[in-house]
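> Following the hints, position chain B against chain A.
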Amino acid sequence: MSVDTNTVKKVANLARIAISDADAEKLAPELNNILGWIEQLGEVDTSSVEPMTAVIPNTLRLRDDVVTEGGARDAVLANAPQGEHGFFTVPKVVE
Amino acid sequence: MTDLTELGIAALRDGVRAGSFSAREVADAFIVKVSKAKALNAFIVETPEHAIAAAREADSARAAGRALKPLAGVPIGMKDLFATKGVQTTAASHILEGFTPVYESTVSQKLWDAGAGMLGKLNMDQFAMGSSNETSAFGNVISPWRRKGSNSALTPGGSSGGSSAAIAARLCPGATGTDTGGSIRQPAAFTGISGIKPTYGRCSRWGIVAFASSLDQAGAMAHDVRDCAILLEAMAGFDAKDATSLKLEVPNWEASLNASLAGKKIGVPAEYLVDGIPYEIAAMWQTAIDWVKDAGAEVVEVSLPHTKYALPAYYIIAPAEASSNLARYDGVRYGIRELPEGANLQEMYAATRAAGFGDEVKRRILIGTYVLSAGFYDAYYTQAQKVRTLIARDFELAFQKCDLLLTPTAPSAAFALGEKSADPIAMYLNDVFTVPSSLAGLPAMSVPAGLDPAGLPLGLQVIGRPLDEQGVLDAALAIEQRAGFTSRPDAWW
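If you're matching them up, the sequences are chains A and B in order.
Note that my numbering has the first sequence beginning at 23, numbered continuously upward.
Note that my numbering has the second sequence beginning at 95, numbered continuously upward.
Since the hints were derived computationally from the structure, they do not count as laboratory data.
Here a beta-carbon is modelled for each residue, glycine too, at the ideal position from N, C-alpha and C.
It cannot be assumed that every hint is accurate.
Here's a subset of chain B near chain A, in silico, CB distances under 8 Å, partners left out [as the list claims (entries may be wrong)]:
1) Thr293
2) Ala407
3) Tyr409
4) Ile461
5) Pro560
Bound-form chain A, shown alone (with noise of 0.2 Å):
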């Protein structure tokens, strides 16, 4: 199956990355050549194969649920490009 410049703009925009139109046109024939390299793994016949979920072996494990930290809001805050009165800030979402 074939990439054009409208499947990378719908894409790009999954992944809310802002691209031109240039960059859409540049990007269609790269990602066309790693998707038609990857797809020879078609040729594996899978039917009675599962996919895999672990690498390794490992049982997850339940803890008590009690509250273990908290209490950090002007550590989460400290990276934050933007934050005022305790909080992040972001462009007005509501009108």
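Coordinates of chain B only, in the frame set by chain A:
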């Protein structure tokens, strides 16, 4: 007096313990060396104060007659993928420029608890995506090695290329690396040093900037096998903060090192003799087969029939996981924000990510988003995970016939910067020998074996069963003793 920067981890540790030199003398010697090696661009941030503080603690402990910690007196380099409290951590990406963690990664904390000091944060491929260190937002790392009679800049390998370049140039005796598809082993091979990726789950991933979580694993890079064992012992161990961390004691890998391979069976996978493999690499591999026989091992041929599918499976799984992991860089919580005039929230996300991520990172996020999108998920992602099961099964079957596998680490010696950057697939093929064991979560190590005709280092890879780091280290030691690799790059920087 000996140049302390020539010494490895074991020699520095033992020398400080014996009082042959002080930890402060060691730290000062490396700090000077780092400050004079800007041309290599191996460090993003230098932290002499951290190394000096750890040295002071070691020296005062010794003066007071207290027991010294396992890595007391040893300053190391930290790949910039590990969150370090109060020290900028960027994953070599512009999107995290200025990010100063308020917490410490588990692996780096373990190293500080063991007495190590930090010389600085090491450059790398952006978000560990790359095999040549050409994707860093802070510029290429230059290998200290050059081809005979040439001044052209070579790659130190990637993604842990700052680590490999710094160790090969003796700017630090050891460093952390991370390995998702070969990012410890390939740079180690390219620069004539040793590097081990342990079994998936041995080292905590907590505080390591995530790339592909089912593959990412921290490991040790150093001059030689013993030093890797020492460093890895300090890094490994259970961590409740990582759900995939293995709840197992850390073995005494260094104390148990044994270069005799008597009674061991070493498998040579036929499929790794790929088309177009350079003569000198095939020849070196054959020599290594003789070395392990000399060390007492029996060599058997094994088959890993799905080897050729490992790279395409990896280039579905790793980008898929990356597209999910890197969704967190949104310009809200940390890192940079790009807010065009009048932009709404969605436009801010898109502008921030367009400005912050490098081209290779964007390419992988787009591939990952595509293969996970509705209608394509089963054809790509589920199929890749099934193929991954088959690759892991190949190894299981091989390990019924042998204890360890011996292969080259990379299909070439270091290439020139710029030589492969125009063709992503040519670059991806560099990891052909390292990706399969990553997909299977196995411990694997690269050890220097010799030089190619151009005078560049070549590495051999030993792959072990899950949790058999000891077997991997022992076989690597047997090779190291027979290779007698002492070549060093001329100090042009």
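> Each hint needs a verdict: does it hold in this structure or not?
Each hint, compared with the structure:
no. : hint   : result
1   : Thr293 : holds (6 Å)
2   : Ala407 : holds (6 Å)
3   : Tyr409 : holds (5 Å)
4   : Ile461 : holds (6 Å)
5   : Pro560 : holds (6 Å)
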